[in-house]
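J.: Use the sequences and the hints to build the structure in full.
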Amino acid sequence: MVAAPVVNITVNGKAISARPGQTVLQAAADAGIEIPALCNHPHLRPEGSCRVCLVEIEKQRTLQPACTFPVADGMVVQTESAKAVESRKMVLQMIFSERSHYCMYCQMSGTAQSTDCELQKLGYRYGLNHWSYGPNYAKNWPIDATRTHFVMDHARCILCRRCVRACQQIAANHTLGVQQRGFKTMICADDNVQFGESSCVSCGTCLQVCPTGALADRRSAYRGHESEVTRTKAVCLGCSVGCGIEAITRDNQLLRVEGDWKAGNEGMLCSVGRFDVVEPKPVRIMWPMVRTDGRLVETSWDKALTFAAGKFRQAHRVAGLASPRLPNEALAAFACFFHEVLMSNEVGLLYGEDPPLELGQPAVLHDVAASDCIVIIAGNPMKQQKVVGHLIKRAYDNDARIIVVNDRPTELDSYAHLRLQLQDVSYHGESPFEQLKNTYHLRGTGVSQLKAAVEAAQRPVVLYGGGLTTTVYAALRALPAKVHFLPLINGTNAAGAARLGLRPRPVHGEALYVMVGDDLPDGMVLPHRQFTLVQSAYRSAWTESADVVLPAMIWAEMKGHMINIEGRSLPVAPLLVAPKSVHACWETLLQLSMRIGYSLSFDEISDISKAVV
Amino acid sequence: MAWPAEDRRATAVPKDGEPPLLTDEMKKELTEKYFPRYPTRRAVLLPALHMLQHHHGWIPMRALAEVGEFLGISPAEVLDTASFYEEYWLKPKGKYLIQVCRSLACEIYGSKRVTEQIKKKLNVECGETTRDGKFTLVELECLGSCGTAPAMLINDVLFEDLTPQKINQVLDGLPEDAHKFRDPTVDWQ
Ligand code: SF4
Ligand code: SF4
Ligand code: SF4
Ligand code: FES
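Chains as they are written, first to last, in our numbering: chain A, 1 to 613; chain B, 1001 to 1189.
Any given hint could be a false lead.
Said to hold, decoys possible - A partial selection of chain B residues facing chain A, derived with a Cβ cut-off under 8 Å: (1) Pro1075; (2) Ala1076; (3) Leu1079.
As the list claims (entries may be wrong) - Far from chain B by the CB rule (all over 10 Å, computed), these chain A residues: (4) Pro20; (5) His174; (6) Asn192; (7) Gly224; (8) Thr471; (9) Pro527; (10) His528; (11) Arg568.
Claimed, not checked - Straight-line Cα separation of at most 25 Å, DMTMM-like style, residue types lysine to aspartate or glutamate; simulated pairs: (12) Lys1033(B) with Asp399(A); (13) Lys139(A) with Glu1086(B); (14) Lys184(A) with Glu1086(B); (15) Lys184(A) with Asp1080(B); (16) Lys184(A) with Glu1125(B).
Note that these hints are calculated values from the structure, not bench results. Glycine residues also receive a C-beta, built at the ideal position from the N, C-alpha and C atoms.
T.: Below you can see the structure in the form of structure tokens.
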């Protein structure tokens, strides 16, 4: 094995082995020496604009920014020398006095230990108890509150441009910019429109990287400092991408969601995963309800289950529909309940699409961002798998060729270097809600154009949606082996469901069991049956039409696994404790089977996990 | 939830039925003359802004969007660059641009009084343009004419040793058609 090349430097008297190409700041950080930094962010390209990280480097005429200065053999660095500290204090004073940092009203402000503001933290660290330049309290700095989920207060902005770089480099959305210069410099959106009217898609990446209180999350502001909240890594159940999240909770409440920098989504989330989950929800169902004299009346679990069991026993055939957002364990128990207890095959998914077939070498999310040729065939990732959409735009910024193959306009069309027409050979499918099903075909010339483009590339990735004909599949299978494939699956855990044999399909039976979890109807109507049991977290048009309603956990309370578009099994960890009277889906099914007179082949969630994962 | 807005970078800029400000001739010149000079398209932003300013006298927002679309740069980044340089005019500019020096030498010799006189006479504020679109008044740093302070420029013409009385004469003597206004010390042929 060849030893990795090493650059030997000394920081504050400590000998450090750095990697070539690292900056002084990175090398020091790896060795546990923290150099103060404001504009620098580990996941953004450094630009050295705030000058807080200036350090003394031997043989350099002036102080140098550690965040951009590359290490070199024999370098001797002092990060806290009198000269460096003096300059740092002056820089901090200037930053503080540039705008109105009226800290006591800021949601980030705290004590030296509890503050969440990176600027205030440095103020404490360097004992800044006054400043020589006088603050700018008098000026009316604008506040832009036109975005739904977060607010920008320019008074607290230090112009570090982290947000601008996040919007460009991570979200690849290019909404933010800086206008004017010097004292008049302002962060702005597009051609200087209000944020709410801009091309911002509310992915919140800028919010996540802002070091101060300039960008404030409407829901979590003032609800707890970092030191008072719990951070848990988990998976977003918003769609099939299964982005890694860090959930910020306190007192069994979800305050905020941030993107996990270490997961495949690399810190990014979409507005669904970051913001929609903390928006107000309909009334939570706490107890089972049975329709009595036309009204839903709360009752005990025992009464409701016994009543439902009786109805299911009487029914000639019972049908079941489950949400594709449920974890594998719930879906497996549901399928098992139908097959073993009710002896019925009439079980399927409530909505969604058949996931596309698996093809060739599977891609991981990073392959998309790093690809030099991306083919998007059927599907619409900018709508359905938004973070994948951002990864495609990021690749586009790095000069990847984008090929869109579809039968209708998609949001990615304006990025496409080549657009090929899919032919829609549709027929009316028999589905639970009589939706139109599409099957697509691609002409021979299209196939050869696709092949040529992919062959010319080094890291081609093909993203493919559902409904393709076997000839299209055959054409995709015939592509060179270097192609990586990523299925654009609709329905969060539709892939997990498919492995359990559950797919969206029409189900028949005079009794119906619908397990919706925390889904909401969004206009979708349940098929009418003689007896309907709905197990749902929230009251909705679905529960209003049911004969028996059972409570269900919400996504953040569930435990289990899901399978994402990369085909990986991701653990769904409970972030919150469910109310005492709400039980996991599989427990409900266990209880229900006992009342029907059968026992299921599991009695612990780990039994199901073992069987299905 | 619906995708609330889309990235406008690569989409067509609404033209509102008006002819484009970045004309086809300009695009042709940029393509033929400037694209070969630089490694990337976006590097042509400054020449493109120059061209627009030269043609229109200033650069309207719509023109910024058109340049962004043509070069594949987001509106925010175009504004970022355009607003960085004070020499790019993002507001309408009058036919006569009056630039009064406010550096130390001129200040000592009374540039304030000169500026005040212009403001009063033309009924205009610094950085603003008269209603008829004829004059724009700004202050700027050193014109390198400290020996003859206070000094000012009207378009390309330097005026020296100014007094409020002299201002009246100069302004009254400007021709109606700004194109006829030439530096008398230059041989125009
Ligand atoms: S809003 Fe925040 S991230 Fe953006 S420049 Fe201001 S302080 Fe930096
Ligand atoms: S929310 Fe996302 S798209 Fe909007 S400005 Fe921030 S980073 Fe850009
Ligand atoms: S892309 Fe999907 S998994 Fe990722 S944050 Fe959005 S909804 Fe959640
Ligand atoms: S952190 Fe280095 S200059 Fe800002």
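J.: Minimum C-beta separation from Pro527(A) to chain B exceeding 10 Å: can you confirm that?
T.: 26 Å, holds
J.: Is the straight-line distance between the alpha-carbon of Lys184(A) and that of Glu1086(B) 25 Å or less?
T.: 12 Å, holds
J.: Against chain B, does His174(A) keep a CB gap of more than 10 Å to every residue?
T.: 3 Å, violated
J.: Taking 10 Å as the cut and beta carbons as the points, is His528(A) off the interface with chain B?
T.: 29 Å, holds
J.: Please check whether the beta-carbon of Gly224(A) is more than 10 Å away from every beta-carbon in chain B.
T.: 26 Å, holds
J.: Closer than 8 Å between Cβ atoms is the bar; does Pro1075(B) clear it against chain A? Give me holds or violated.
T.: 4 Å, holds
J.: Would you say Pro20(A) is clear of chain B, with no C-beta pair closer than or equal to 10 Å?
T.: It holds; Pro20(A) is separated from chain B by about 26 Å at its closest Cβ, greater than 10 Å.
J.: Would you mind confirming whether the straight-line C-alpha gap from Lys184(A) to Glu1125(B) stays at or under 25 Å?
T.: 19 Å, holds
J.: Does Leu1079(B) meet its interface restraint, that is, does its C-beta lie within less than 8 Å of any C-beta in chain A?
T.: Leu1079(B) check passes; min Cβ-Cβ to chain A is 5 Å, inside 8 Å.
J.: Thr471(A): least C-beta distance to chain B exceeds 10 Å?
T.: 31 Å, holds
J.: Asn192(A): least C-beta distance to chain B exceeds 10 Å?
T.: 6 Å, violated
J.: Confirm or reject: Arg568(A) is not an interface residue toward chain B, with every Cβ-Cβ distance exceeding 10 Å.
T.: 26 Å, holds
Hint check: violations occur at hints 5 and 6; the rest are consistent with the structure.
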